[in-house]
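Let the sequences and hints guide you as you build the complete structure.
Numbering (this note's numbering), first residue to last: 4 to 501.
Everything labelled a hint here was simulated from the structure, so no lab data went into it.
There could be a bad hint or two in this list.
Said to hold, decoys possible - Label-pair distances were calculated between CB atoms; the ranges are:
hint : residue 1 : residue 2 : range
1    : GLY487    : ARG114    : 39 to 45 Å
2    : ALA388    : LEU186    : 18 to 24 Å
3    : LEU14     : SER457    : 28 to 34 Å
4    : LEU377    : GLY428    : 43 to 49 Å
5    : LEU448    : PRO42     : 36 to 42 Å
A virtual CB, placed ideally from N, CA and C, is assigned to each residue, including glycine.
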Amino acid sequence: MNTLVQSVDWLAIAPPVIAAVTALAVLVADLFLPERRKPLLGWLSIAGLAAALMLLPLLDGDRATFCLTGSTRACSYSADHFTVVIQFLVLGGALLAALLSVTGVQDDRRRVPAGEFWFLLLSSAAGAALLPASRDLATLIVALEVASLPAFALVGIRHGEARSAEAALKFFLSSVTATAVSLMGVSFVYAATGTLHLTEIARRLPQVDGQLHTLVQTGVVLTLIGFAFKTAAVPFHFWVPETYVGAPLPVAAYLSVVGKAVGFSGLILVTVIAFPSYADVWGPALAVLAALTMTAGNVGALRQSATRAYSAVRLLAWSSIGQAGYLLVPIAAAGYTRDGQKAIGSTVAYALMYAAVNLGAFAVAALVGRTKRLNRISDYRGLYATNPVTAVLLAFFLLCLAGLPPGVIGLFAKVTVFSAAVDAGLGWLAVLMAVNVVVALYYYLRWTALLFRSPEGEPVRHRVPAPLTVALALTGAIGVVLSGAPQLVLRFAATTLF
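Shown next, in the form of C-alpha cells:
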C-alpha cells in the first residue's frame, strides 16, 4: 500500500516558500507602516525575491519531497534540473518586474495601494515558482491558480480606471474558463487511471481498458486546451492585447514573461511526462497551434499604427503572441521524436532569451510612459536624441526579438527552435516559422529605425529613476553577455531536463 511520507526537504521547497513568506510579511507590515514609509514594502519584496533566487544554486537538481512509498515511488514535488531552470526564469522575471514596479507604484500611489500590490505580486510569484516542481495534477492545478488569481487583481488594481477594470474582467473570464476545462480534463484522466501523479499516469495510460480510451483522449485534449489558454495560443489569445494595455506596465511585463513561463512549463509537464503515450494526439495539435499562434501574433503586430493610442504596448502584446508560437514549436516536435527532452530544451533556451530581452523592452516602455501617457510608437521617435543609452538598449532588445545581429542570442535561439522542427520531420512548420520571422523583421526594424530619426517638436528628456536604471542595466547586461556567449543558454537544448 502506498503512503505519503510527510518529511519535508525544506531546501527543495525553499524558493516558493520564501516568496510566500515574504508576501505575508509585506501584508502584515503594511498594517503598521505609515504612508510615507510604504516604499519600504517594495524593497522588502525585492529582497525576498532576490533571496529566493540566490538559493537556486544550492539545489543540485536531484531533490524530491512529498513522496509515496510502497510498491511504487512517486513524488508530488521535484526539484530537478527543469524545475531549477524554470524557477530561475520566473523568480528572475518577478524580480525585474518588481524593480519596474517600485517607480510605478510611487507614481500611482493615489490609485495603487502599495501593500496589496506587493502582496499580490509575491503571491503570484510563489505559485509560479511552485508550478515547475509539481509532479501531480492536483499540485499542478493549485500552483497554476495561485499564480493566476493574484494576477487578475494586479491587472485591475488601479482605482477609478475603467480600462484596467475591463482588462481584468476579460483576463478573469478567460482564465476561469481555462481552469474549468483543465479540471474537467484532469478528472477524466484520473477516472481512467486512478492516480494523479504524472509518472504513474504515464505508466498506466497504455494499460487503460479499451472502453475508457475515448474518456482518456477527451481528458488529454481538454487538459491541453486549458494550458493553451494560459500560453495565449491561438484561438485562446483574445485576452492578451486588452489585458496588457489595461494593466500597469510592470504587470504587463510580468504577465508576458512569468505568465507565459507558467503556462509553458505546465504544458511541458503534462505532455512529456504524463502523456507520452498520446504523443500522436498532442503532437499534431500543438504543431497546428504553433502555426496559428505565430502567424496571428505577427500579423496582429504588423497591423499596429504608430499613432494609435497605446500602440507600443499593443505591438509588444501581439509580438508576445507570435513569440509564444515559436515556443510551442519544440514542444510539438517532442511528440514526433524519441528524444523529446532535447526538443523541450530548445523551448527552455528560447524562453530564457525571450524573458531577458522582453522585460528590457517593457522597461523602456515604462520609462517612456512616465511622460507619454498614451505610449504610442510615434512617441519613441528621436529617443536617441534625448536618451541615447535607453534608445540603444531598446534597439538591441528589438533586434534580439527579431533575431538579427548584434542580438546574437535571439538568432541562435531561433535557429535552435528551427532545428528542433526540422529534426522532428516538421518541415512545413519550419518553413512557416521562417516566413513569420521575416514578417516580424518589418515591424521590429520599423520601430528601431524610429528611435534614431529626428524628433518632432520639442524633445522630451526622460529622467530614469534608480530602480528603472537597475532593471535596464540588468536586462541589457544579460542580453549582451548571452549574445557574446550564447552557449550559456543554448546548452540547455542538449541537457537532460528531467
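How the hints compare with the structure:
Taken as a hint, the range 39 to 45 Å holds for the pair GLY487 and ARG114, whose Cβ atoms sit roughly 42 Å apart. Between ALA388 and LEU186 the CB atoms are about 54 Å apart, so this pair departs from the stated range of 18 to 24 Å. With their beta carbons about 56 Å apart, LEU14 and SER457 fall outside the hinted range of 28 to 34 Å. Between LEU377 and GLY428 the beta carbon distance is about 47 Å. The supplied range of 43 to 49 Å therefore holds.
Distance hint check: the CB atoms of LEU448 and PRO42 are about 39 Å apart, consistent with the given range 36 to 42 Å.
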